[in-house]
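Could you build the full structure based on these sequences and the hints that come with them?
Number of protein chains: 2
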Amino acid sequence: MSREQARQALEQARRVAVATHITPDADAISSLIGLTQILRRLGKEAEPFCDDELPPRLRAIPHAEEISRAARGSFDLLVSLDASDPARLGRAFAEVREAPLLNIDHHITNTGFGTVNWVDPSAVATAEMVLWLADDLGVSLDRELASILLAGIVGDTMGLRTPNVTPQVLREVTRLVEAGASLPALVDVLFNRRSFAAIRLFGQALAGVRLEDGVIWTVVTREMRQTLGLGQANDLSLSSFLISAEEARIAAVFTERDDGKVEVSMRARPGYDVARVALAFGGGGHPPAAGCLVPGPLEEVIPPILSALKAAARDGRTDPSG
Amino acid sequence: MSREQARQALEQARRVAVATHITPDADAISSLIGLTQILRRLGKEAEPFCDDELPPRLRAIPHAEEISRAARGSFDLLVSLDASDPARLGRAFAEVREAPLLNIDHHITNTGFGTVNWVDPSAVATAEMVLWLADDLGVSLDRELASILLAGIVGDTMGLRTPNVTPQVLREVTRLVEAGASLPALVDVLFNRRSFAAIRLFGQALAGVRLEDGVIWTVVTREMRQTLGLGQANDLSLSSFLISAEEARIAAVFTERDDGKVEVSMRARPGYDVARVALAFGGGGHPPAAGCLVPGPLEEVIPPILSALKAAARDGRTDPSG
Chain A
1 MSREQARQAL
11 EQARRVAVAT
21 HITPDADAIS
31 SLIGLTQILR
41 RLGKEAEPFC
51 DDELPPRLRA
61 IPHAEEISRA
71 ARGSFDLLVS
81 LDASDPARLG
91 RAFAEVREAP
101 LLNIDHHITN
111 TGFGTVNWVD
121 PSAVATAEMV
131 LWLADDLGVS
141 LDRELASILL
151 AGIVGDTMGL
161 RTPNVTPQVL
171 REVTRLVEAG
181 ASLPALVDVL
191 FNRRSFAAIR
201 LFGQALAGVR
211 LEDGVIWTVV
221 TREMRQTLGL
231 GQANDLSLSS
241 FLISAEEARI
251 AAVFTERDDG
261 KVEVSMRARP
271 GYDVARVALA
281 FGGGGHPPAA
291 GCLVPGPLEE
301 VIPPILSALK
311 AAARDGRTDP
321 SG
Chain B
1001 MSREQARQAL
1011 EQARRVAVAT
1021 HITPDADAIS
1031 SLIGLTQILR
1041 RLGKEAEPFC
1051 DDELPPRLRA
1061 IPHAEEISRA
1071 ARGSFDLLVS
1081 LDASDPARLG
1091 RAFAEVREAP
1101 LLNIDHHITN
1111 TGFGTVNWVD
1121 PSAVATAEMV
1131 LWLADDLGVS
1141 LDRELASILL
1151 AGIVGDTMGL
1161 RTPNVTPQVL
1171 REVTRLVEAG
1181 ASLPALVDVL
1191 FNRRSFAAIR
1201 LFGQALAGVR
1211 LEDGVIWTVV
1221 TREMRQTLGL
1231 GQANDLSLSS
1241 FLISAEEARI
1251 AAVFTERDDG
1261 KVEVSMRARP
1271 GYDVARVALA
1281 FGGGGHPPAA
1291 GCLVPGPLEE
1301 VIPPILSALK
1311 AAARDGRTDP
1321 SG
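Chains A and B, in that order, are what the protein sequence lines are.
Just so you know, we're using the working numbering here: the first sequence kicks off at 1 and counts up by one.
Just so you know, we're using the working numbering here: the second sequence kicks off at 1001 and counts up by one.
It is possible that part of the hints are untrue.
Not everything, but these chain A residues come out facing chain B in the computed CB check (under 7 Å) [said to hold, decoys possible]:
id	residue
1	138
2	161
3	163
4	174
5	207
6	210
7	211
8	244
9	245
10	247
Here are the computed distance ranges between Cβ atoms for each label pair [stated by the list, open to error]:
id	chain 1	residue 1	chain 2	residue 2	range
11	A	4	B	1040	33 to 43 Å
12	A	144	B	1122	20 to 30 Å
13	A	315	B	1303	35 to 45 Å
14	A	143	B	1260	25 to 35 Å
Where chain B lies over chain A, by a calculated footprint (3+ residues, C-beta under 8 Å) [said to hold, decoys possible]:
id	segment
15	166–173
16	190–201
For the record, the hints were derived by calculation from the structure and aren't laboratory data.
In this text the structure is predicted, and so the values were computed from the model without any measurement.
Glycine residues also receive a C-beta, built at the ideal position from the N, C-alpha and C atoms.
As structure tokens, this is what we get:
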């Protein structure tokens, strides 16, 4: 438990580069901007980095436009947020002068790659850990900071729907809402916005849905997307929808990108683990929600991954800690 | 404000018949069983009634199996819960001896048909009002009562996603979770359970989705359902999904029942009102979520309702109180 070391490292730093992982989700951007704002309120120089494009829905988070792809020059502290291994940072810190690295994350799969590591899988989101840091550092919540941090908590809990939403998390959410954050507005932006074309794509993907050995799955091809004029941003939440099937224990969606690579989004019911399947194919995540990006073509990558998912649906989760 | 009168009427009664509306939703069953349990814990005789079948997902609420269709004999108090007019009770109280009627509801459209009326549209759910009654009557929350009441709050707020979820509501939810209710288990039962056949029906309905003048809509025919072996229980949440379309202000799903009647489920974005459209066609609800049941056939009922919905999508909401 190095929450105290994390606080000390941040308190002592003057010039800080903060980065989060590629293919950023709400928690990545929320914790990134949240910590940057907290450090600035303490009078420090702090710059946010993410070596990837932001999905449109995440650009609604205040200050998202200040994020750059990669840091340059010298900093006296580097901070990695919500990234389980250094490769997930892309080239965000590739051009920067050597400096101590503070690794803050809630993923149980975190490899502990920092100079100081604060990894707490009991946190529902890295943004929740940043909220604790705000308290530890004596930074008070205003409407903007509360909205930024609530985005990560809402994002990683699927809108307070995951089993790890304890009374403590609900009290934190209440505090953030009392400080002025809007829970329905965030849920609306993060989960309830799809283009009409995306809704039609959702329908087309459902037309090909299959259920095999406890695994419900479907495919979104490049052609399906392009016919509807849709880019490759995978915002359908289709795998979360598929796992609602009563007959399924695991759900997967294979989405073909423009470059032919295949994004695999996986979901599991409680007691089953897709994180280790994602990990085996170079990805990561949590037992109930994970993903990976694999080289195509679709017809070659589907059979081995499906086979691993069927095994996971048969075995259940053997690691009770996740 | 007759919360105090409601408390008095319940305190004085010894033998109480409690009823809720037909086509019951989670809040109907939650408030019905919740109040029945509270009265029994006070040593009173209390019986729950609902003159309709319960959808399978609502049978998971504790004590749901004790609900009967219609009351018989004599009671010294009748209570109507979550029903905006007496017709919504069906024949639940048709065979009962005359007695004072306590009308408890949070629908702004409530006609005030009781001897005592406690109608509070500021409540997110009638179950929330029953929670307040539990406090007023000095009945403490245990795990079972907390689970029963949380079901209604979760159900009517779409899992804490509606704009009326204030810090007060979040504090109440926290209390219920602290008392032992499981938020993720309720969300799972109420929103995340569909049969594989229902998921395929969802896909088929999306194949016919249309967007016209700000209204996104589709149809579920009897034939589509029957081909997939599905009954008429309308648990798809399809209209809630459709309102996620960025280009839409109003969403509607027309579902053909076995008897040829058509259930219309309507949703509106903030600032738009489908309750008055539903009301005009003999139904009811709230500005963002409403519904009605109309005689078929489909091809005759769709044009006038669609036309009213398009007008509502054009005008926005003129009544700011809803």
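Going through the hints against the structure:
{"no.": "1", "hint": "138", "in the structure": "23 Å, violated"}
{"no.": "2", "hint": "161", "in the structure": "5 Å, holds"}
{"no.": "3", "hint": "163", "in the structure": "5 Å, holds"}
{"no.": "4", "hint": "174", "in the structure": "4 Å, holds"}
{"no.": "5", "hint": "207", "in the structure": "5 Å, holds"}
{"no.": "6", "hint": "210", "in the structure": "9 Å, violated"}
{"no.": "7", "hint": "211", "in the structure": "5 Å, holds"}
{"no.": "8", "hint": "244", "in the structure": "4 Å, holds"}
{"no.": "9", "hint": "245", "in the structure": "5 Å, holds"}
{"no.": "10", "hint": "247", "in the structure": "5 Å, holds"}
{"no.": "11", "hint": "4/A to 1040/B: 33 to 43 Å", "in the structure": "51 Å, violated"}
{"no.": "12", "hint": "144/A to 1122/B: 20 to 30 Å", "in the structure": "28 Å, holds"}
{"no.": "13", "hint": "315/A to 1303/B: 35 to 45 Å", "in the structure": "54 Å, violated"}
{"no.": "14", "hint": "143/A to 1260/B: 25 to 35 Å", "in the structure": "52 Å, violated"}
{"no.": "15", "hint": "166–173", "in the structure": "holds (count 5)"}
{"no.": "16", "hint": "190–201", "in the structure": "holds (count 8)"}
Violated hints, in rising order: 1, 6, 11, 13 and 14; the structure is consistent with all others.
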